[in-house]
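Colleague: According to this note's numbering, the sequence shown is numbered sequentially starting from 6.
One thing to keep in mind: the hints can contain errors.
[Unchecked claim] In silico lysine-lysine, DSSO-like type, Cα no more than 27 Å apart, as pairs:
{"id": "1", "residue 1": "689", "residue 2": "585"}
{"id": "2", "residue 1": "927", "residue 2": "576"}
{"id": "3", "residue 1": "760", "residue 2": "781"}
{"id": "4", "residue 1": "585", "residue 2": "383"}
{"id": "5", "residue 1": "564", "residue 2": "581"}
{"id": "6", "residue 1": "908", "residue 2": "894"}
{"id": "7", "residue 1": "573", "residue 2": "1131"}
{"id": "8", "residue 1": "781", "residue 2": "927"}
{"id": "9", "residue 1": "597", "residue 2": "585"}
{"id": "10", "residue 1": "1070", "residue 2": "597"}
{"id": "11", "residue 1": "722", "residue 2": "877"}
{"id": "12", "residue 1": "585", "residue 2": "573"}
{"id": "13", "residue 1": "564", "residue 2": "413"}
{"id": "14", "residue 1": "689", "residue 2": "1155"}
{"id": "15", "residue 1": "521", "residue 2": "457"}
{"id": "16", "residue 1": "558", "residue 2": "402"}
{"id": "17", "residue 1": "1085", "residue 2": "585"}
{"id": "18", "residue 1": "452", "residue 2": "521"}
{"id": "19", "residue 1": "1131", "residue 2": "956"}
{"id": "20", "residue 1": "380", "residue 2": "665"}
{"id": "21", "residue 1": "781", "residue 2": "585"}
{"id": "22", "residue 1": "1070", "residue 2": "894"}
{"id": "23", "residue 1": "704", "residue 2": "1155"}
{"id": "24", "residue 1": "573", "residue 2": "760"}
{"id": "25", "residue 1": "333", "residue 2": "350"}
{"id": "26", "residue 1": "1156", "residue 2": "665"}
{"id": "27", "residue 1": "704", "residue 2": "388"}
[Stated by the list, open to error] For each label pair, taking beta carbons as the anchor points, the in silico distance ranges come out as:
{"id": "28", "residue 1": "1006", "residue 2": "724", "range": "18 to 28 Å"}
{"id": "29", "residue 1": "568", "residue 2": "1002", "range": "50 to 60 Å"}
{"id": "30", "residue 1": "804", "residue 2": "598", "range": "46 to 56 Å"}
If you're looking for bench data, these hints aren't it; they were derived computationally from the structure. All C-beta atoms, glycine included, are put in the ideal place defined by N, C-alpha and C.
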Amino acid sequence: MEVSLQLQRPLRYKALLNHRTDCFKINSLPFARTVLFIPWRSECLAGRVQHKVTASAADFSKRRRRKLSSGSSPKGFTPKNQAGTSDEKRYQKNNDEEEDSSIPTSREFEKPNKTEIESKADEELTIGYVASTGKELAVAKSNLNAENGSVSKFVEDVAGLQKKEVILENDTVSTSRYIISEGKQLDGTIADDIVTEGKHLDGTKTDDNDILKDESVEPDEKTVEDILAKLKLEMEENLRKQEIEGLADENFLKGNKIFVYPQIVRPGEEIEVFFNRSLSPLNDEPDILIMGAFNSWRWRSFTIRLNKTHLKPDWWSCQIHVPKEAYKMDFVFFNGQNLYDNNDKKDFCITVEGGMDEFAFEDFLLEEKRRELEKFAKEQEEKKRQEEEQRRIEAEKAANEEDRAQAKAVVQKRREILERWMKNAARSADNIWFIEPNEFKGADKVKLYYKKTSGALAHANELWIHGGHNNWSDGLTIVEKLVRSEREGGDWWYTEVVIPDRALVLDWVFANGPPKVATIYDNNNRQDFHTIVPKNIPEELFWVEEEHQVFRKLQAERKLREEAIRAKAEKTARLKAELKERTLKRFLLSQKHIVYTEPLDVHAGSTVTVFYNPANTVLNGKQEVWFRCSFNRWTHRMGPLPPQRMLPADNSSHVKAIVKVPLDAYMMDFVFSEREDGGIFDNKEGMDYHIPVLGGIVKEPPMHIVHIAVEMAPIAKVGGLGDVVTSLSRAVQDLNHNVNIILPKYDCLNLSHVKDLHYQRSYSWGGTEVKVWFGKVEGLSVYFLEPQNGIVWKGCVYGCNNDAERFGFFCHAALEFLHQGGLQPDIIHCHDWSTAPVAWLFKDNYMHYGLSKTRVVFTIHNLEFGSHFIGKAMQYADKATTVSYTYAKEVAGNPAVAPNLHKFHGILNGIDLDIWDPYNDKFLPIPYTSENVVEGKRAAKEALQQRLGLKKSDLPVVGIISRLTHQKGIHLMKHAIWHTLERNGQVVLLGSAPDPRIQNDFVNLANQLHSTHGDRARLVLTYDEPLSHLRYAGADFILVPSIFEPCGLTQLTAMRYGSIPVVRKTGGLYDTVFDVDHDKARAEAQGLEPNGFNFDGADSAGVDYALNRAISAWYDGRDWFYTLCKRVMEQDWSWNRPALDYMELYHAAKKY
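Whenever a hint applies, use it, and build me the whole structure from the sequences.
Modeller: Put into structure tokens, the structure is as follows:
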């Protein structure tokens, strides 16, 4: 082997040594850090040499060990000792006393301005042994020792290896391991085997054939690689120790408690943390531990024990792995118990360079959380699937047991009946019938003879047998025609019959024709004919098999039923989901004339463009528009984004801004202003603009809403208020919010609709004990308050002369219930005059005494009643609503409303799709959707005509379903009834009047109509729930001619069932019904298509105009009419959209 200094061209030592410097530095070794070597003389020469460790293959283990010269240095070459500082002397004194005093100290290593021996790209140096003929290189180990003897060990390891072969070539020179200046060893001795320009340094020449070699040795490359790797590691470790010692001295002198190595901390690497105990409150503690984490204590916490090092005066250290996600490391030191050094309560902190920054780490955490949530969701889904599977297995097991028990019961009953027949069964009947042969079994073909003249068929032209077996267990299984027999002795007829396989008894009658044609039967005096099958299977075996067959049949029937139910439930869920998706899209597009986004669906982690049209807002004409945005109802961790000036959009009056949506967003919030610093704002009249964000890893925290009301469907329903309380609550609860209802416990409640009703507790207020009951109504949590003074026990909801007192007491008791129960809802929602006192009682008595976080929302359902209470509630409420946009405009001038228009909003009511659902309506003959609306409504119309005794004819049916009051336009109803009859239509009315005079008037009208037009008119003057469902489905049109209508649910329910509304333009009727001839543009603005007929005015001419167009469309354009029916069924008039609007209102109320 050879380990040589290989040069790319001959190395000229004159050029190498012609520069003088104070020291030299080995730089850029491929396996070590930079190390500064201090010479043994005050000055030394150095040149610039590129170095690289290489080795030729050789077997070191077989080489003869050379001797190392141990002679003293020649005179004049002994290095002089440099004077050291006091610190250096103190450290030297602590070292081995036998160590040569000429060894450089760590302080000397730190002297600045040293010239380095740097690498050149075109030169290559191989470190090896110097070899010459018959000579050995003398190395003074003591003078090469660095601290801990690392460098000397390097020399010893290499010098101990035998070398048998040295090749000197033109571009290859063998030299000593360390660079020699001025022809001297580093220990001061002269090296006599150094070659310069083809000569030994001792002056003798050498030629290319001057070779020492041992041809018997084979080279061993692995040995060379292992040794070089070992040498590399040792060199790295020694250089590392030297650098750490320098850092320790420097930081101690500066008074620093800590330092790290390497000094630049990078992610994904190991670092060593050094702690100076002597400068810490922990200076007397025997145990030192580090406790820390990364990224402001948010990532990868750790606790590690430190070890005492050799570094003086008192340095301790430990190894720590820096994760790739780190941008800083935070830590403190402690004694393992309760004594800490936390850097004067500021904690220690080290910056990690070259990795993530804080924002990238936040995104990383969000991605981690997303993965965790996805994993959790999959686990939950799998758990749910397993639970469902277990429930299915258990249900299947129970159902099988039930089927088996039912099969057993069915077979037992059959057996009892069949055994009675078998006792009475005959083999033949004299002169009536007989069978040949008289011994037969299942699958045999026999001849059955019948004497025609023996019974009622004596004069029949044809004879037929209608038969079965085992008491007709499988119904009619034998039908054959008889032919005349040649047998003597009477008028005998016969036919061939195949005996059923499992027959114990044959059953039959004779007739004058086949089934559905025969008119005369001989059925043995209504006893039928029976005969035993003589060679049947064993009876016990038969009944076992019979039970099994019945069981299998019951199983198959049950599974068909279950599959139908499952399929129907899946379709219902799909239809609801599709409807909700369409509604959300419509919600997002509802303000497209002002603001919209691209893409329309905003997803977390995406970039969206917001388009805004200031022409339709308070910013119309402003020179600039600034976009101000945040997320999660303005609560996002990043806070509001910097204001962004919006840029003109292409080819439109819109301006635009681009926004990056964070991964933890669930809502995008924004407003617009005229200047960067504010000025005029468009904040949607205090509501702000909000767009839901899909797919975020953070979900919107649920709000807690409490409704305080005196009505609730279906347990205490008087009018539309009860429907709204129940349906709105369910819709908001479906959005994952928490909803409770507080209701009086009337003595007239319909408790059959209350699940798990139980007494909960009692409390006192105003000297009265109030009992609290709890139950579930339509999936909602309801608290029933029962004052023991009997103030709500009146047998009715309304109608008492002290209703204001009753409901005022209830309102105060409801607030006291919340206060004493420690409940802190976000929103209290009160309704109409009956619970209007909640608004001012809350503000005066509870807002500052325990319910400080709660806000009050008040809804006007009908301003006709209790305007004084309503006006006071409007003043105190944080937000107020009414039940349609148009009605809000109609009542805006009312003194109860006008002073508080700034917080007054119109939000449409909706209908409950679970209650009004033609696909799952048990009162309809067949279920239907928009896909089969024609078939479904035709069947419903026939059922309606049959039930009411109307003529079953294909005529247009106009339905009226209403309370009979002047508000509902009763004079227009009467006119419409007569006009529909004139147009050859049918009319059905369902309703009643609270006013006896009006009720009697309609009774007289009903009597008149039933006598003159009984086949085309029917008035039912009482409320009938099943009939109301059938009328919505069976009618072609539903008339709602109200004089005023805050919202109206009748027209919405009609469209749900595919019936076309005919309405007067007022309130919610105008907001929901768009005329097919006049309202196309108005419908498009709402993202809808026209859906009905409407009229102005309150006279007969208006009703005639709408009805004429509707009935003519039915007669003249039936296909178009059916298309209209399908269209209105697919429009969403549920609480999906109103629930979103109410949530926006609730959040706006929370801002105050």
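Colleague: A separate judgement is required for each hint: does it hold in the structure or not?
Modeller: Structure-based check of all given hints:
| no. | hint | result |
| --- | --- | --- |
| 1 | 689 / 585 | holds (24 Å) |
| 2 | 927 / 576 | holds (17 Å) |
| 3 | 760 / 781 | holds (5 Å) |
| 4 | 585 / 383 | holds (25 Å) |
| 5 | 564 / 581 | holds (25 Å) |
| 6 | 908 / 894 | holds (13 Å) |
| 7 | 573 / 1131 | holds (20 Å) |
| 8 | 781 / 927 | holds (23 Å) |
| 9 | 597 / 585 | holds (19 Å) |
| 10 | 1070 / 597 | holds (25 Å) |
| 11 | 722 / 877 | holds (26 Å) |
| 12 | 585 / 573 | holds (18 Å) |
| 13 | 564 / 413 | holds (19 Å) |
| 14 | 689 / 1155 | holds (16 Å) |
| 15 | 521 / 457 | holds (21 Å) |
| 16 | 558 / 402 | holds (16 Å) |
| 17 | 1085 / 585 | holds (23 Å) |
| 18 | 452 / 521 | holds (24 Å) |
| 19 | 1131 / 956 | holds (26 Å) |
| 20 | 380 / 665 | holds (26 Å) |
| 21 | 781 / 585 | holds (25 Å) |
| 22 | 1070 / 894 | holds (13 Å) |
| 23 | 704 / 1155 | holds (19 Å) |
| 24 | 573 / 760 | holds (25 Å) |
| 25 | 333 / 350 | holds (18 Å) |
| 26 | 1156 / 665 | holds (25 Å) |
| 27 | 704 / 388 | holds (22 Å) |
| 28 | 1006 / 724: 18 to 28 Å | holds (21 Å) |
| 29 | 568 / 1002: 50 to 60 Å | holds (56 Å) |
| 30 | 804 / 598: 46 to 56 Å | holds (47 Å) |
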